[in-house]
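Each chain is listed here by its residues.
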Amino acid sequence: MTPVATNGASQFGTSTDPLIRVDSVEKSFGTQKVLDGVSFEVASGDVCCIIGPSGSGKTTMLRCINRLETIDAGMVYFEGEPVGLRLRGEKLFEMKPRDLAEQRSRMGMLFQSFNLFPHKTVLENVIEAPLQVKKQHREQAVAEAKQLLDRVGLATKADAYPDNLSGGQQQRVAIARSLAMRPRLMLFDEPTSALDPELVGEVLAVMRDLANDGMTMVVVTHEMAFAREAADRVIFMDGGSIVESGSASDVIGDPQETRTKSFLARVR
Amino acid sequence: MTIDSSRSVTDSDQPRLNAKDAVPLRKPGRWVGAAIVLILLAMLVHMLVTNPNLQWRVVGNYLFSKIILTGLLRTLELTAMAMLLGLVLGIIIALMRLSANPILNWVSWGYIWFFRGIPPIVQLLFWYNLASLVERLTLGVPFFHVTLLSASTNSAISPYTAALLGLSLTESAYAAEMIRAGIQAVSRGQLEAASSLGMRRGQAMRRIVLPQALRIVIPPIFNDSISMLKFTSLVSVLALPDLLYSAEEVYSRTYQTIPLLLVATIWYLVLSTILTVVEHRVEARLRRGHAGRDGRPGRPAMPGYRSRWRFWNGPTVEPESVGLS
Chain A
1 MTPVATNGAS QFGTSTDPLI RVDSVEKSFG TQKVLDGVSF EVASGDVCCI IGPSGSGKTT
61 MLRCINRLET IDAGMVYFEG EPVGLRLRGE KLFEMKPRDL AEQRSRMGML FQSFNLFPHK
121 TVLENVIEAP LQVKKQHREQ AVAEAKQLLD RVGLATKADA YPDNLSGGQQ QRVAIARSLA
181 MRPRLMLFDE PTSALDPELV GEVLAVMRDL ANDGMTMVVV THEMAFAREA ADRVIFMDGG
241 SIVESGSASD VIGDPQETRT KSFLARVR
Chain B
1 MTIDSSRSVT DSDQPRLNAK DAVPLRKPGR WVGAAIVLIL LAMLVHMLVT NPNLQWRVVG
61 NYLFSKIILT GLLRTLELTA MAMLLGLVLG IIIALMRLSA NPILNWVSWG YIWFFRGIPP
121 IVQLLFWYNL ASLVERLTLG VPFFHVTLLS ASTNSAISPY TAALLGLSLT ESAYAAEMIR
181 AGIQAVSRGQ LEAASSLGMR RGQAMRRIVL PQALRIVIPP IFNDSISMLK FTSLVSVLAL
241 PDLLYSAEEV YSRTYQTIPL LLVATIWYLV LSTILTVVEH RVEARLRRGH AGRDGRPGRP
301 AMPGYRSRWR FWNGPTVEPE SVGLS
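So the protein sequences, as listed, match chains A and B.
In terms of the numbering used here, the first sequence opens at residue 1 and continues consecutively.
In terms of the numbering used here, the second sequence opens at residue 1 and continues consecutively.
For the record, the hints were derived by calculation from the structure and aren't laboratory data.
Heads up, the beta-carbon is just placed ideally off N, CA and C, and yes, glycines get one too.
Just so you know, not all the hints are guaranteed correct.
Looking from chain B toward chain A, a few residues come up when the C-beta cut is under 8 angstroms (computed) [claimed, not checked]:
#, residue
1, GLU77
2, ALA80
3, GLY189
4, GLN190
5, SER196
6, LEU197
7, GLN203
8, ARG207
9, ILE208
10, LEU210
11, PRO211
12, GLN212
13, ARG253
The following residues of chain B were derived to be distant from chain A, with all beta-carbon distances above 12 angstroms [what the hints assert, rightly or not]:
#, residue
14, LEU98
15, MET199
16, LEU286
Below, in silico cross-link-like pairs of lysine to any residue (SDA-like), each with a Cα-Cα straight-line distance of 25 angstroms or less [unchecked claim]:
#, chain 1, residue 1, chain 2, residue 2
17, A, LYS120, B, LEU104
18, A, LYS96, B, ARG201
19, A, LYS96, B, ILE218
20, A, LYS135, B, ARG287
21, A, LYS120, B, LEU191
22, A, LYS120, B, GLY202
23, A, LYS120, B, GLN190
24, A, LYS134, B, ARG281
25, A, LYS96, B, MET96
26, A, LYS96, B, LEU210
27, A, LYS33, B, GLU192
28, A, LYS135, B, LEU104
29, A, LYS96, B, ARG206
30, A, LYS33, B, ARG201
31, A, LYS120, B, ILE218
32, A, LYS120, B, ILE103
33, A, LYS157, B, GLY189
34, A, LYS134, B, ALA204
35, A, LYS134, B, ILE103
36, A, LYS134, B, GLN190
37, A, LYS120, B, ARG201
38, A, LYS120, B, PRO219
39, A, LYS157, B, GLY202
40, A, LYS96, B, ARG287
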């Protein structure tokens, strides 16, 4: 039924039923090719960190997974289904917005700039999607939201507005907001890059906690220490393709490719 | 003098200095400027009180007369209706401007270009004289010769309809641009965050983007309402008895031109003051929880409401530098 991956899609080869499968994805902005045949898989429960210099296409790759960016060629599968597309008979059709929204609701996403809703309180931010998308009852949504806020250490900030929180607190609220939809997968787009150095730790701690709970995560990051410690897989991207991938100790600890080596030498 | 206590322990020759004891710089320019303005103001007040041509008694007699109050009501009604229609149309045109559909995009661009480019008074006259251009107005299904409604243009376009059309179409073109700018000012990340949570475009627009755009657009909308209040006086060219036309009607009989113009002036000022106060209230409400993008509150609509501009002593405190209270 699904097309067979032609290059490198099964290079990890361990999982039989990956949660995400990215197959030969290509993407251009104008004349500039930002993704040039990227393929990888992430198994359920795994933490996959994507590292690489800026402009290497890692953020674009992440945004292709939940179709914030459409892809020009290749395929992205989530839970075995094409993302944003539907196979009918032999032909692929673009999904209706309703179906894409449903698919996206199963994937959480964290942004570098948090993107909390500034006109809503912390609690309202967290319950917005459960109420609007899942049509949950308000009391249940509030109860769950309070639990989640407690989990990220912000139970006391429920009634505060995002503008009155520190960057680290805002990002933790954003995590709670994503978790409220009970996603199967969390995508992180450089979640600590906009934070003051002393605030990075509190966000990484929550992420580590999530990883330990078995959440499947794809993390675009510059935090090598986090990647080394939490990642089951590390992918090094450069120039729109995957240069090297494998376990954290292999890619970060003992890189084989010269581009990986020179990148790691620069960020360390 | 308590020289001893103010001396530094280590340096016995130098008295210990403290910035707070410094004599402030004299600012004679301030006093001169204030004096000139106060003198001019006093002259104005003197003229207003003593000039017999102003005929304050007549002003008093007509301020609450039936004809003036009826005109006032008409002005209020026109302002409200023209703003309402203008905003509804404006939202539609703004969404067309933002649409990915090139036809909608171009048509809305042309609409804004057209109605923003014509003086409202020309439009009023044009709509009023529509009968010379089109004899009958027909509402039906085009190309199928089905007629639902038909009326002679002269009976359909009353002075009131012409006024409403002219004013609201002009307003809609301005409102469309304000609303478009407001929507575009909300960061793209907001829509992306909402999408990634599984909200659909319409939900995200309604729940996330528009409330934030509204906060941005409220001040210019009130600004436009105040403009509209004044623009309604143009309808006197159509002999529509609004506030100004009612005053004109009276002084054309009694020749008390100045006092009746004063009556109109007073009412226009009262109404625009009320609108300003309402604007301030609404803005304060919409600001709830917001420190503003740059962490400062926006400048209040009325000076001195939240802050004190200190003239007589100490450093000048500009409204911008006052923290959120």
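Quiz item: Are B/LEU210 and chain A close enough, Cβ to Cβ, to be under 8 angstroms, as the hint says?
Solution: violated, 10 angstroms
Quiz item: Against chain A, with CB atoms and a cut of 8 angstroms, does the hint on B/LEU197 hold up?
Solution: holds, 4 angstroms
Self-check item: Straight-line alpha-carbon gap A/LYS120 to B/LEU191, limit 25 angstroms
Solution: holds, 15 angstroms
Exercise. Assess, step by step, whether the Cα of A/LYS134 is no farther than 25 angstroms from the Cα of B/GLN190, and give holds or violated.
Key: holds, 19 angstroms
Quiz prompt | 25 angstroms limit on alpha-carbon distance, applied to hinted pair A/LYS135 and B/LEU104 | solution = Answer violated: A/LYS135 to B/LEU104 is near 34 angstroms, above 25 angstroms.
Exercise. Starting from A/LYS135, check that the Cα of B/ARG287 is at most 25 angstroms away, please.
Key: Between A/LYS135 and B/ARG287 the Cα gap is close to 28 angstroms, so the pair fails against 25 angstroms, i.e. violated.
Practice problem: Please work out if A/LYS120 and B/GLY202 have their alpha carbons no farther apart than 25 angstroms. | Solution: Since the Cα atoms of A/LYS120 and B/GLY202 sit roughly 18 angstroms apart, the hinted pair holds (cutoff 25 angstroms).
Quiz item: Do the numbers back the hint for B/ALA80, that is, is its least Cβ distance to chain A under 8 angstroms?
Solution: violated, 27 angstroms
Quiz item: Does A/LYS33 pair with B/GLU192 here, judged by a C-alpha cut-off of 25 angstroms?
Solution: Measuring from Cα to Cα gives roughly 23 angstroms; hence the hint holds.
Quiz item: Is the straight-line distance between the alpha-carbon of A/LYS134 and that of B/ARG281 25 angstroms or less?
Solution: Violated, at roughly 36 angstroms.
Quiz item: Given the proposed pairing of A/LYS134 with B/ILE103, does the C-alpha separation stay at or below 25 angstroms?
Solution: Roughly 36 angstroms separates the two Cα atoms, so the pair is violated.
Quiz item: Is the Cα-Cα distance between A/LYS96 and B/ARG287 25 angstroms or less?
Solution: violated, 37 angstroms
The earlier numbered hints that this structure contradicts are 1, 2, 10, 13, 15, 16, 17, 19, 20, 24, 28, 30, 32, 35, 39, 40.
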